[in-house]
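K.L.:
Listed here are the chains, written in short residue letters.
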Amino acid sequence: NAGVTQTPKFRILKIGQSMTLQCTQDMNHNYMYWYRQDPGMGLKLIYYSVGAGITDKGEVPNGYNVSRSTTEDFPLRLELAAPSQTSVYFCASTEPGDQPQHFGDGTRLSIL
Amino acid sequence: AQKITQTQPGMFVQEKEAVTLDCTYDTSDPSYGLFWYKQPSSGEMIFLIYQGSYDQQNATEGRYSLNFQKARKSANLVISASQLGDSAMYFCAMREYQAGTALIFGKGTTLSVSS
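Taken in sequence, the protein lines are chains A and B.
Going letter by letter, the first sequence gives residues 23 to 134 in the working numbering.
Going letter by letter, the second sequence gives residues 479 to 593 in the working numbering.
Source of the hints: derived by calculation from the structure; they are not laboratory data.
No residue lacks a Cβ here, since even glycine has one placed at the ideal position from N, Cα and C.
Check the hints yourself; a few may be wrong.
What the hints assert, rightly or not - Just a few of them, taken from the derived set where beta-carbon distance is under 7 Å, the chain A residues facing chain B:
1. Met49
2. Tyr53
3. Asp60
4. Met63
5. Leu65
6. Tyr86
7. Asp120
8. Gly128
Unchecked claim - Think about it this way: if two alpha-carbon atoms lie no more than 20 Å apart in a straight line, the pair counts; the simulated EDC-like pairs of lysine to aspartate or glutamate are:
9. Lys585/B - Asp95/A
10. Lys79/A - Asp95/A
11. Lys66/A - Glu539/B
Chain A on its own, in the form it takes in the complex (with noise of 0.2 Å):
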């Protein structure tokens, strides 16, 4: 069971470039999430999905955009890529009620 996959682990990146994170579970959990993780900082929510089609922001969505096609896949693209978007990016999916967040390895992610 290999639980929720991102790819690729990391990245450089330069201003002004685009790029799609990817993350996939194979949970069949409606629920997934994008994180951010800044140095020595808590995770902050990017944007979450509840269900195929359905996606909303979180607390830090400038920059990025999402999309929810199917159940197991929910990627993170980046448009144009700027330097405070440097950073660890984690995805995580759950079930709702008291079930723990099951989190992805991270993309580790620095624009130049």
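Fit chain B to the supplied structure of chain A, relying on the hints for placement.
P.N.:
Just chain B, lined up with the frame of chain A:
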């Protein structure tokens, strides 16, 4: 506004000793859950323990226990018999069931265990 506060940036403990990591929270939602996650230097997020706002007893999972004091809005993590492998960053997080499904995280506490 909902908030998680972890006031200890770093904690130091010797092997086999117990350690308490502090967490206070603020919410107006009567129904919520509190979670603790461990993040080792390798970076992954590992779920440790959960406490629901209506749970009467403190949660326990092996060497981890949660000291839940609802009136004080605190949810401290207690690690008994510390091991070298416990050295990591620890995050307290809250999920408000009426407001949404996402977790709100504290800034974390770095725990260092020495031999």
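K.L.:
Which hint numbers does the structure go against, in order from smallest to largest?
P.N.:
1, 3, 6, 9 and 11
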